[in-house]
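Number of protein chains: 2
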Amino acid sequence: MVSDLTSRRRAILNIIVAEYIATAMPVASETILRNYQLGVSSATIRNDMAYLEQEGFIAKPHTSAGSIPLVKGYRHYVESIAKDTELPLEEQHRIRDSLRNLEETEQWFKVAAAMMARLVGNVALVTFPKARRYHLKHLELVLLHEFLVLLIVVISETVLRQQFLTFSEPVTQEQLTSISNKLNTHYAGLTSSQILAKKLLPTAEEKRVTEAVADMMVAEDELDYHATYLEGLRLMLGQPEFIRKDRMLRIMELMEARDWLKPMLRQQAETEQVQIVIGEESHDESLKDLSLVLSRYGIPQKARGAIGVIGPTRMDYRRAISTVNYMSQVLSYLVSGVYGED
Amino acid sequence: MVSDLTSRRRAILNIIVAEYIATAMPVASETILRNYQLGVSSATIRNDMAYLEQEGFIAKPHTSAGSIPLVKGYRHYVESIAKDTELPLEEQHRIRDSLRNLEETEQWFKVAAAMMARLVGNVALVTFPKARRYHLKHLELVLLHEFLVLLIVVISETVLRQQFLTFSEPVTQEQLTSISNKLNTHYAGLTSSQILAKKLLPTAEEKRVTEAVADMMVAEDELDYHATYLEGLRLMLGQPEFIRKDRMLRIMELMEARDWLKPMLRQQAETEQVQIVIGEESHDESLKDLSLVLSRYGIPQKARGAIGVIGPTRMDYRRAISTVNYMSQVLSYLVSGVYGED
DNA sequence: ATTAGCAGTCACAGGCGGAGAGTGCTAAAA
DNA sequence: TTTTAGCACTCTCCGCCTGTGACTGCTAAT
Numbered sequence: 033m034v035s036d037l038t039s040r041r042r043a044i045l046n047i048i049v050a051e052y053i054a055t056a057m058p059v060a061s062e063t064i065l066r067n068y069q070l071g072v073s074s075a076t077i078r079n080d081m082a083y084l085e086q087e088g089f090i091a092k093p094h095t096s097a098g099s100i101p102l103v104k105g106y107r108h109y110v111e112s113i114a115k116d117t118e119l120p121l122e123e124q125h126r127i128r129d130s131l132r133n134l135e136e137t138e139q140w141f142k143v144a145a146a147m148m149a150r151l152v153g154n155v156a157l158v159t160f161p162k163a164r165r166y167h168l169k170h171l172e173l174v175l176l177h178e179f180l181v182l183l184i185v186v187i188s189e190t191v192l193r194q195q196f197l198t199f200s201e202p203v204t205q206e207q208l209t210s211i212s213n214k215l216n217t218h219y220a221g222l223t224s225s226q227i228l229a230k231k232l233l234p235t236a237e238e239k240r241v242t243e244a245v246a247d248m249m250v251a252e253d254e255l256d257y258h259a260t261y262l263e264g265l266r267l268m269l270g271q272p273e274f275i276r277k278d279r280m281l282r283i284m285e286l287m288e289a290r291d292w293l294k295p296m297l298r299q300q301a302e303t304e305q306v307q308i309v310i311g312e313e314s315h316d317e318s319l320k321d322l323s324l325v326l327s328r329y330g331i332p333q334k335a336r337g338a339i340g341v342i343g344p345t346r347m348d349y350r351r352a353i354s355t356v357n358y359m360s361q362v363l364s365y366l367v368s369g370v371y372g373e374d
Numbered sequence: 033m034v035s036d037l038t039s040r041r042r043a044i045l046n047i048i049v050a051e052y053i054a055t056a057m058p059v060a061s062e063t064i065l066r067n068y069q070l071g072v073s074s075a076t077i078r079n080d081m082a083y084l085e086q087e088g089f090i091a092k093p094h095t096s097a098g099s100i101p102l103v104k105g106y107r108h109y110v111e112s113i114a115k116d117t118e119l120p121l122e123e124q125h126r127i128r129d130s131l132r133n134l135e136e137t138e139q140w141f142k143v144a145a146a147m148m149a150r151l152v153g154n155v156a157l158v159t160f161p162k163a164r165r166y167h168l169k170h171l172e173l174v175l176l177h178e179f180l181v182l183l184i185v186v187i188s189e190t191v192l193r194q195q196f197l198t199f200s201e202p203v204t205q206e207q208l209t210s211i212s213n214k215l216n217t218h219y220a221g222l223t224s225s226q227i228l229a230k231k232l233l234p235t236a237e238e239k240r241v242t243e244a245v246a247d248m249m250v251a252e253d254e255l256d257y258h259a260t261y262l263e264g265l266r267l268m269l270g271q272p273e274f275i276r277k278d279r280m281l282r283i284m285e286l287m288e289a290r291d292w293l294k295p296m297l298r299q300q301a302e303t304e305q306v307q308i309v310i311g312e313e314s315h316d317e318s319l320k321d322l323s324l325v326l327s328r329y330g331i332p333q334k335a336r337g338a339i340g341v342i343g344p345t346r347m348d349y350r351r352a353i354s355t356v357n358y359m360s361q362v363l364s365y366l367v368s369g370v371y372g373e374d
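As they're listed, the protein sequences go chains P and U. According to the numbering used here, the first sequence is numbered sequentially starting from 33. According to the numbering used here, the second sequence is numbered sequentially starting from 33.
Just so you know, these hints were derived from the structure itself, not from any lab. Keep in mind that the hints are not guaranteed to be accurate.
Straight-line Cα separation of at most 20 angstroms, SDA-like style, residue types lysine to any residue; simulated pairs [claimed, not checked]: (1) U:K239 to U:A259; (2) U:K104 to U:E118; (3) P:K142 to U:A259; (4) U:K320 to U:S130; (5) U:K334 to P:N213; (6) U:K214 to P:T204; (7) U:K142 to P:N213; (8) U:K115 to U:K142; (9) U:K214 to P:N213; (10) P:K277 to U:L228; (11) U:K142 to P:L262.
Chain P is nowhere near these chain U residues, computed Cβ spacing over 12 angstroms in every case [unchecked claim]: (12) G98; (13) R107; (14) I127; (15) H177; (16) D247; (17) Y358.
Since the model is a prediction, treat every value here as computed from it, not as a measurement. Built from N, CA and C at the ideal position, the CB exists for glycine as well.
All chains, full assembly: derive it from the sequences and hints.
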């Protein structure tokens with residue numbers, strides 16, 4: 033997809049995009065002349081801008097205004113910037129350290145999202161890692177009182193679920209322990225369907241527990257991404273594009289509803305490297321002036337998650353890409369530690 | 033704190049507050065004349081309004097405008113409305129049913145907050161219930177691989193925590209099971225300090241686990257409210273008082289920072305019934321045009337939480353009070369079920 | 001104590017105009 | 001053919017003004 037623009041036109045286009053990203057103001061030919069050494073006059077720049085406008089890269093808000101990039105212009109820009117810019121080492125260290133010091137796994141993803149949001153000044157998206165198919169690691173039954181039992185299930189190393197079970201007969205902790213021992217030896221390492229297929233003439237209580245466990249695992253299997261953190265909405269809404277209140281509220285609604293997430297992530301799931309979706313490219317009316325920079329992290333098959341940045345089309349793509357890249361590496365590293373890989 | 037206003041002046045004050053709550057517009061004497069049968073002319077109403085203004089109940093945004101309530105006016109209003117209005121039965125049922133159908137305890141509080149936010153069109157606050165002093169219910173060790181172990185701790189029936197432990201020597205699941213059995217028999221039902229006080233000549237591994245468990249419990253003890261859901265920000269920001277963007281952003285920042293919560297909840301902890309804090313009454317600059325309707329729920333000593341509504345001073349107090357009241361009853365009921373009371 | 005009547009105040013919306021920013025075009029230069 | 005200087009033209013933005021309408025506060029009568 034190499035464009036057939038002359039090198040000066042390419043340069044001017046990239047300047048316009050970069051300048052607009054930095055200032056949020058339409059870019060005038062004089063501004064380009066002043067801030068960059070192109071060796072040509074503003075009139076020449078204007079001629080090139082007229083051409084770029086004709087080709088649909090840029091547009092003017094009104095007749096006597098500077099230019100702002102269109103989707104096609106942003107696209108050209110992101111294709112042309114280096115995808116491998118790295119975050120400053122010191123920032124890398126800070127990120128790594130703050131994540132490593134967390135005690136609970138669940139925190140990794142939330143904290144990662146919060147840090148990333150601050151780094152890019154936009155909304156950060158981090159999903160929990162998810163396996164293709166979950167297997168049971170461990171189950172545990174704790175007696176709360178007489179009829180009420182707490183069922184704790186560990187699924188595939190990292191997923192911890194709890195549920196109350198009410199029995200019709202009073203039980204003791206000893207009974208519960210023997211049930212959980214039995215079920216653990218028979219079910220450990222199995223998937224939900226394997227568990228249900230296994231016939232081991234269970235007692236009523238064992239049957240009850242088995243079903244509950246299988247239900248939880250099925251629910252887990254069927255989730256696309258069972259938790260998705262979206263952090264930094266406030267930072268994003270501080271941007272000048274959201275000056276109008278109705279737009280702010282629409283975005284907030286979007287972040288609560290989250291129905292656009294699923295198709296987005298499903299599409300993302302196919303590809304391997306950082307993917308950038310600019311404005312209307314998403315074919316989703318409600319996302320039409322937002323862009324996404326998305327990547328994946330984790331271990332293929334076993335535990336994959338998505339990580340990304342959401343911002344106005346005018347976001348700092350270079351920064352977003354490098355941050356997402358680094359963050360996905362760190363999370364992959366952390367997750368593989370839990371799964372005993374590498 | 034009964035005020036010495038004539039009954040007509042009281043009536044007019046309450047009309048002004050109610051009308052302003054409903055319309056968000058300054059209330060004119062003519063409006064009162066038109067919408068309510070007071071049997072006096074607008075000039076008389078104006079005279080009374082002048083008195084109410086002089087006494088600090090209401091004020092005018094500018095000379096030739098209607099009146100809006102001041103904090104003192106709102107205070108008079110909330111004191112005078114019935115505190116025992118009930119939600120419609122059908123709404124009560126809907127709330128009860130949606131909460132009862134949830135499988136995970138953690139969901140109760142989040143869902144309760146979301147429902148309440150929708151009901152009052154403002155921000156709903158729900159904290160997790162918290163005990164005065166936690167005791168250990170159960171601990172469990174699950175081998176993930178060689179050196180990496182997942183420690184699961186159940187604290188006081190409802191709090192479930194997990195943490196990874198990395199051992200310097202490889203261990204087997206059998207070893208882990210015997211460790212957890214031993215620790216469970218010795219530690220069950222104890223508080224963190226009791227656990228630390230107990231000297232049972234532990235092995236290095238047992239020592240490691242004991243310390244981790246105690247750490248988690250101490251952390252839990254020290255938290256004021258370990259999770260606080262604030263839902264419905266979008267609904268609140270839809271209100272006309274937040275038309276200016278900087279105010280919206282300030283509120284969003286407030287909801288993220290949450291440092292005002294602790295003093296608020298601590299103060300609330302002393303009293304038993306629904307507490308209403310109007311605007312500046314909080315003595316917190318950042319909360320000066322917000323009001324809170326707060327209540328508690330749960331079981332004294334064992335598991336107490338806070339629940340409430342946050343909105344602009346111009347919020348519908350009647351609705352907020354009845355909703356908070358009912359919600360706290362439902363949550364108390366649910367929580368006592370888990371603790372086997374009642 | 002209440003009311004009618006009326007003058008006075010102030011916010012608000014619409015219209016006007018000048019300044020400034022930036023372009024597009026034209027004609028000349030390279 | 002490409003680039004440039006020069007200039008007319010367009011359009012936004014901002015401040016200013018003014019008329020209108022919404023309310024009040026006051027006064028004098030009831």
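Verification of the supplied hints:
Using a Cα cut-off of 20 angstroms, the hinted pair K239 of chain U and A259 of chain U is violated, with the two alpha carbons roughly 29 angstroms apart. Between K104 of chain U and E118 of chain U, the direct Cα distance comes to roughly 26 angstroms. Violation of the 20 angstroms bound is thereby established for this hinted pair. Only pairs whose Cα atoms come within 20 angstroms are accepted, and K142 of chain P paired with A259 of chain U is accepted, the gap being roughly 14 angstroms. Only pairs whose Cα atoms come within 20 angstroms are accepted, and K320 of chain U paired with S130 of chain U is rejected, the gap being roughly 35 angstroms.
At most 20 angstroms may separate the alpha-carbon atoms for a hinted pair to count; K334 of chain U and N213 of chain P exceed this at roughly 31 angstroms. At most 20 angstroms may separate the alpha-carbon atoms for a hinted pair to count; K214 of chain U and T204 of chain P meet this at roughly 18 angstroms. Distance hint between K142 of chain U and N213 of chain P is unfulfilled; the C-alpha atoms sit about 33 angstroms from each other, more than 20 angstroms. Restraint check for K115 of chain U and K142 of chain U: the C-alpha separation of about 25 angstroms exceeds 20 angstroms, so the hint is violated.
Between K214 of chain U and N213 of chain P, the direct Cα distance comes to roughly 16 angstroms. Compliance with the 20 angstroms bound is thereby established for this hinted pair. Distance restraint check for K277 of chain P and L228 of chain U: the Cα-Cα separation of roughly 55 angstroms exceeds the 20 angstroms cut-off, and the hinted pair is therefore not satisfied. With a C-alpha separation of about 16 angstroms, the suggested pair K142 of chain U and L262 of chain P falls inside the 20 angstroms cut-off, and the hint holds. Its beta-carbon lying about 24 angstroms from the closest one in chain P, G98 of chain U satisfies the requirement of being farther than 12 angstroms from that chain.
Annotated as non-interface, R107 of chain U keeps its C-beta farther than 12 angstroms from every C-beta of chain P; the closest such distance is 30 angstroms. Once the 12 angstroms rule is applied to beta carbons, I127 of chain U is consistent with being away from chain P; the minimum gap is 19 angstroms. For H177 of chain U, the condition that its CB be more than 12 angstroms from all CB atoms of chain P is violated, with the nearest at approximately 4 angstroms. The non-interface label for D247 of chain U is inconsistent with chain P: the shortest C-beta to C-beta separation is roughly 8 angstroms, within 12 angstroms.
The Cβ of Y358 of chain U lies farther than 12 angstroms from every Cβ of chain P, with a closest approach of about 23 angstroms, so its non-interface assignment holds.
Consistency note: the structure conflicts with the earlier hints numbered 1, 2, 4, 5, 7, 8, 10, 15 and 16.
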